[in-house]
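**Q** Okay, here's what each chain looks like letter by letter:
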Amino acid sequence: MTLAAATELAAATNENLANISNTLIYSAMAVYTLAFFAYIAEWLFGSRSKVGRTAAALTARTAAKTAPAVTVQKAGGTAVLERPEVVVRAVSGARDVPDGPGAHGGDEQGDLYGRIAISLTVLAFLIEFGGVLARAFSVQRAPWGNMYEFNITFSTVAVGVYLSLLALKKNVRWLGLFLTTTVLLDLGLAVTVLYTASDQLVPALHSYWLYIHVSTAIFCGAVFYVGAVGTILYLFKDSYESKLASGGKPGKFANSVLDRLPSAASLDKLSYRVNAAVFPLWTFTIIAGAIWAGDAWGRYWGWDPKETWSFITWVAYAGYLHARATAGWKGRKAAYLALIAFACWLFNYYGVNLFVSGKHSYAGV
Amino acid sequence: MSKSTISTASGDTPAATPDEQDLGAAGSQLSTAPAETLMGGPALGVIGWARWLWRQLTSMRVALLLLLLLALGAIPGSLIPQSGTDATKVADFEKNHPTLAPIYDKLGLFHVYSSVWFSAVYILLFVSLIGCIVPRTWQFVGQLRGRPPAAPKRLTRLPAYTTWRTRAEPEEVREAALALLKKRRFRAHAVGDAVAAEKGYLREVGNLAFHIALIVMLVAFAWGQLFKMEGNKLIVEGDGFSNTLTQYDDFKSGTLFSTDDLEPFSFTLKDFTGTYEASGPNRGTPRIYRAAVTYSEGAYGKDRQTLIEPNHPLDIGDSKVYLTAHGYAPVVTVRDGKGNVVYQDAVPLLPLDSNVTSSGVIKVYDGYRNAKGVSEQLGIQAFLLPTYVPGNEVSSAFPALLNPVLNLQPYHGDLGVNSGIPQSVYQLDKSHMKGFKDAKGLQTRENLKPGETMALPNGAGSITYEGTKEWANFQITRQPASGWALAGALTAIFGLAASLFIQRRRVWVRAVRGADGVTVVEMAGLGRSESAKVPEELGDLAGILYDQAPGAPDPEDDPAASPDPQAVPAEGAEK
Ligand code: HEM
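Sequence lines, in order, name chains A and B.
With the working numbering applied, the first sequence has no gaps in its numbers, which climb one by one up to 381 at the end.
With the working numbering applied, the second sequence has no gaps in its numbers, which climb one by one up to 579 at the end.
Accuracy of the hints is not assured; some may be wrong.
To be verified - In silico lysine-lysine, BS3-like type, Cα no more than 25 Å apart, as pairs: (1) A:Lys185 to B:Lys306; (2) B:Lys256 to A:Lys322; (3) B:Lys324 to B:Lys306.
These aren't lab readings, by the way, just hints derived from the structure by calculation.
Predicted, not measured: the structure shown is a model, and the values here were computed from it.
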C-alpha cells in the first residue's frame, strides 16, 4: 500500500460544492425564519375574528340533544344535479364538531399572511433541497453519513411531506407554524452542534443498503413527526371540546387558538392515518437494517442499542395501533401511546447516537 | 343483546347506543377482533379459572399490556452493558459498581434478552398471539363460507345512506344492483327484498398473515440461536484456513450445534488492501478494506478467487466469511550467536489505536542457543508505528505504512509456556525472563526500519526486520433459518400493509314497491371505521344504479324529499 494510492482513492471530496451546500442551508434557515414570522402574523391576525364555531356547535348540541348531525353529498360527483344524495351520519356518540377555519380564522389579512408564509416555506424547501443535493454531490454519495446530514435531510423531508399534503388539498395548513419552528430547531442543531465537514464514508457504510435503510428511516421519522404534532394538538383540542361540552369556560388563549384548529376527531383521524400509513414502512426499515447487519456484521439481529430502540419504537407503535382496536383505550390513552412511541423514535435518533455507544457509531460529532 | 364489533375512529366513544344495536347482525363481524367482554370474576372450579385466565391472556387488553411490557423490558439492555455483546464492558462495570453489579447480575440485567423475565414476557405474548390467531382464523373461515349478513331493517341508521324513487320494477333494480356489485368484486347475494354485499376480506387475510408471520419470525430466530456458530480466525497474507474446529482462534456455538455441521471449505488470504483519507479534517479515516482470497468448497473443490470487503462477505453454503479487522504483521528473522536462523516469520501485532499503532510479542520457543551455547527461549516485545514521525515515539501518525518503524525490546529465559496456564500470544510473561542489557546495564531497545538489523549484546545473536505483511481477521458464521426469518418478515410487511390500507365494508341495496306503486330504492354502506371512502363509494354505486333505474317524480307528500333524514322512507316501504 502506497501513499499515492491512499491519496488517489481519498481525494474525491469537492470542497467547493460543500461550501455551496452550506450557504444554501443557511439561506434556507433565513427563509424559514421569514416564513415563521409570516405564520405568526397569520395567527395574530386570525385572532381578531371571533369564530367560536366549536363552542356554538357544542352548546347548541347540548341544548337541543338532537341526533347526530348529517352531511349531504351528491352521488356520483357534484356535476350531476338530479342524482340522489348520500346522507353521511357521524358515528353516534362522537362529538359532532366542525373543523376550525385554520390559523387565519377567516380574517382576510391573516389569510394573506398565511399564503405568504406557505410561499416562503416552498421557497425555503427548494433552497434546502438544493443544499442537500449539493452536499450529496460534494461527497459523491447519498447525503446520509452522519447526523448533520441526517438532520438536514430529515427537515427537508418533513417539509416535503407537509407541502405534499397541502398539494393534495388535505386540511393541514395549520401545521405550518409548528413545523417551521421545529425545522428551525433541527437545522440550528445541525449547523452548530452536529456540523461535520463533508467527507466520504467509512467502509462499513459502503453498501446500497445505506440508500434503502437510511432513506426510509429518515422518511418514517419525518412522517411520524407530522403524526406526533397532530396527536399533541388533538389532546389539546379534545380537552378544549370536553370542557365546552360539559359547560366549562376555556381560557381566552384556548378559545382563540384551539377554536381555529380542526376538530379533535379530525386531528385524531389525521394522526392515526399518518402513523398507520407509515408503520409498514417503519417495519420495512427495521427489516432492511437487519438484512444489512447480516451482511456487515455477521448477524441480522444482535440487540445493539440502535436495533433495540428501533424495536422498542416499533413495539410502541404496534401498541398504539392495538390500543385503537381495544375498548377503553381509544382516544386519549391511545394518543399518549402514540406520543411515547414518537419519543422512543427521537431517543433512538438523538439519544442513542450521542449518548449510547454501539455498533451504529457514525454520529460524526 | 348482540355484541357489535364495529370500531369507531373518533375520540371518546361511549358504549353502543340504541341506534347501533339496531344494526344487529349486519354490523357484526366486520373484523375478527375478539369482542371485549368485560368479565367479572371467574366461575368457580379449576376449569372455570383456567378458562378465565385463557380468555384474559388472549384479550386485546392483555396483548396490549404485554406489548408495552416488552418495549419497557427491552430498555435496560440498551443502557446497561451486555455480556453477549461486550464482556469487557461488563467486567469494567462490575469493577466500578461493586454494590450495584451483584444486584444487576441477580436480575439478569447483564443479559436482558436471554433473561427469565424478558423471555417470560415474550413467551406470554406469543402464547397470547397463538390463542388469538386460532379462533380468529376459524371465525374468518366461517365468515368466508357464510354470506354477507342481510340488510338491517332501517338502512337510514347506517353511516352512509341514500334513497330515490324509480319507475323500474324492484326485481329489476335488485338484479341490476347484484350485477353491479359483483362486477365491483363485492361478494353479493340477494336476501329477501334487498341485496347484501361485502368487500375487503383481504384486510383480514393480511391481518392474520401478519400475526402468523410474527410467530414464524420468532421460531426462526430461536432456531437460529440454537444452531448458530460463530468463530474467528486471524490470517496473515499468504496463509490459509480450513474450516475445522481446531483451526479457529475462538469459537462459539448454539446449544444444539454439532461440529459435524461445519461445512468443508478452505481459503487463503492472498492480499489485504487498506486505504485511508490522506488529507483534510478526516485524515486517517479508513476508506477501503479489501481482502483478496483464494477459496475452495468441499474437500477437493476447485480454487476460486474473490474479494471480501465490509458488507460483502463470502457465502459458502450456509456459512458466511466476514472481514472484521486488520492489522500489520512485521516479518522478523532471529539468528543465534552463530548466525543460524532460529526463527523467521510474520508476527501479527494488535492495533492499539485508529492509526494502527500496534503491539505484540515475538516468541522463539526452541532452536535458540545463547552465546555460551545454552538453550534458551526468547521473548521480544514488539511495537510498530506504521507511520513514524520523528518526535513521536509512542504512537503512529497515520494508519498506512508510510514510514514504518519497529521498536524491539528483547528478553531471554523461560517463556513459561509449560506452566499450564493459557497464554495470550500478544503478551509476554516476564516472570522467568531477563532483559538483554546494554553496556550501561539498561534494557536494550532499538527502532528498526525495514531491512535493518539489531544485534543482541555480547554476541547473543541478532534480529532483522525484513518487512511488513498485513493480516486480516475473518469471522465465520452460520445462522440457520435466516431464510425463514426473512420470509416471515416480508410476509409481515405485506400482511400489515393489507391490514392497514384495505377497508372492509358492506353495502346493502333494498328495492321495494311503495304504497303508491312506485319503487323505492335505498342504499346504505357500513365500514369498519368511519371513513370518507365508504360514502364516496356508495355515491359512486348509487350514481351508476340511478342511471339504470332513473328517478321518478316525487309525489307532493313524498317523505324522501324531506331534508330531515329522520323521516324514514324505508319504513313506509316496508309495509
Ligand atoms: C407480537 C406482538 C404483536 C404485534 C407486534 C402486533 C401488531 C399488530 C398491528 C401492527 C396491528 C395493526 C393492524 C390493524 O390495525 O389492523 C395489529 C392488529 C391486531 N392485532 Fe396484533 N400484534 C401482536 C400481538 C397480538 C395479540 C397477542 C393479539 C391477540 C390478543 C393480537 C390481536 C390483534 C387484532 C385482533 C388486531 C386487529 C384489530 C382490528 O381488527 O382492528 N395481536 N396487531
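**Q** Hint by hint, where does the structure go against what was stated? Just the numbers, ascending.
**A** 1
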